[in-house]
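Asker: Here is how the chains run, residue by residue.
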Amino acid sequence: KQEVTQIPAALSVPEGENLVLNCSFTDSAIYNLQWFRQDPGKGLTSLLLIQSSQREQTSGRLNASLDKSSGRSTLYIAASQPGDSATYLCAADFSDSGGGADGLTFGKGTHLIIQP
Amino acid sequence: NAGVTQTPKFQVLKTGQSMTLQCAQDMNHEYMSWYRQDPGMGLRLIHYSVGAGITDQGEVPNGYNVSRSTTEDFPLRLLSAAPSQTSVYFCASSYQTSSTHDEQFFGPGTRLTVL
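Respectively, the protein sequence lines represent chains A and B.
Take the first sequence: its position 85, counted from the start at 1, is 182 in the numbering used here, and no numbers get skipped.
Take the second sequence: its position 2, counted from the start at 1, is 462 in the numbering used here, and no numbers get skipped.
Think of the hints as simulated: they come from the structure by calculation, not from any bench.
25 Å max Cα-Cα, derived DSS-like pairs, lysine-lysine:
| hint | chain 1 | residue 1 | chain 2 | residue 2 |
| --- | --- | --- | --- | --- |
| 1 | A | K139 | B | K469 |
| 2 | A | K98 | A | K165 |
| 3 | A | K98 | A | K205 |
| 4 | A | K205 | B | K469 |
Pairwise CB distance ranges (calculated):
| hint | chain 1 | residue 1 | chain 2 | residue 2 | range |
| --- | --- | --- | --- | --- | --- |
| 5 | B | A542 | A | T155 | 40 to 46 Å |
| 6 | A | G157 | B | T573 | 36 to 42 Å |
| 7 | B | T467 | A | N115 | 39 to 45 Å |
| 8 | B | G513 | A | P179 | 44 to 50 Å |
| 9 | B | Y555 | A | R158 | 23 to 29 Å |
| 10 | B | G513 | A | L108 | 40 to 46 Å |
| 11 | A | S167 | B | G500 | 25 to 31 Å |
| 12 | B | Q482 | A | S156 | 29 to 35 Å |
C-beta: ideal position from N, C-alpha, C; glycine also.
So here's chain A without its partners, still in its complex pose (with noise of 0.2 Å):
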């Protein structure tokens, strides 16, 4: 079964400070691998989108890598902030699902807090 994993399951980090979050996946055969942010109650937000072919994909204080051969991708927040709290998913859309299902795989996700 393809699978999506996330680490840390959680992370609380003082402001000012640059971290990784960390995605792995278990099949390199991918379209794309995209990560999103989730506030408490609300909907998915699109952060960056990292097409097969790419290494990377930068928006504003964020970047995005991607490694299909080692089946990762880490996305780094440069600064943080106490508005950067959040859940942050990363999902692949895998190309060879086997004759499976045709849709986003979804870690469980990054719960991050920063601290003012």
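Following the hints, complete the assembly by docking chain B onto the known chain A.
Answerer: Same frame as chain A, but now just chain B:
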């Protein structure tokens, strides 16, 4: 553009009742899908559609029906609600071809409680 919209935002049902969760998108995306989000389980794919008239099952399709009569709309039907269907439901859409899958956009969700 409104993006992906979902109605209702909240719903309480009694066991055995039926209802339809509405989802619409105005981005002309062929691909649409439904997920449910449960504590400790993450988001799981229920059903998806790659275009009008085409639907298929995801990871957890039991108890749910879908149809896709237009590109814009993708309703999710619960025929006989059960307490196990208490969850938050998200609809998503994206541009896809046979070789390219683009960014998926999610709606705000519907919080469903089945008593």
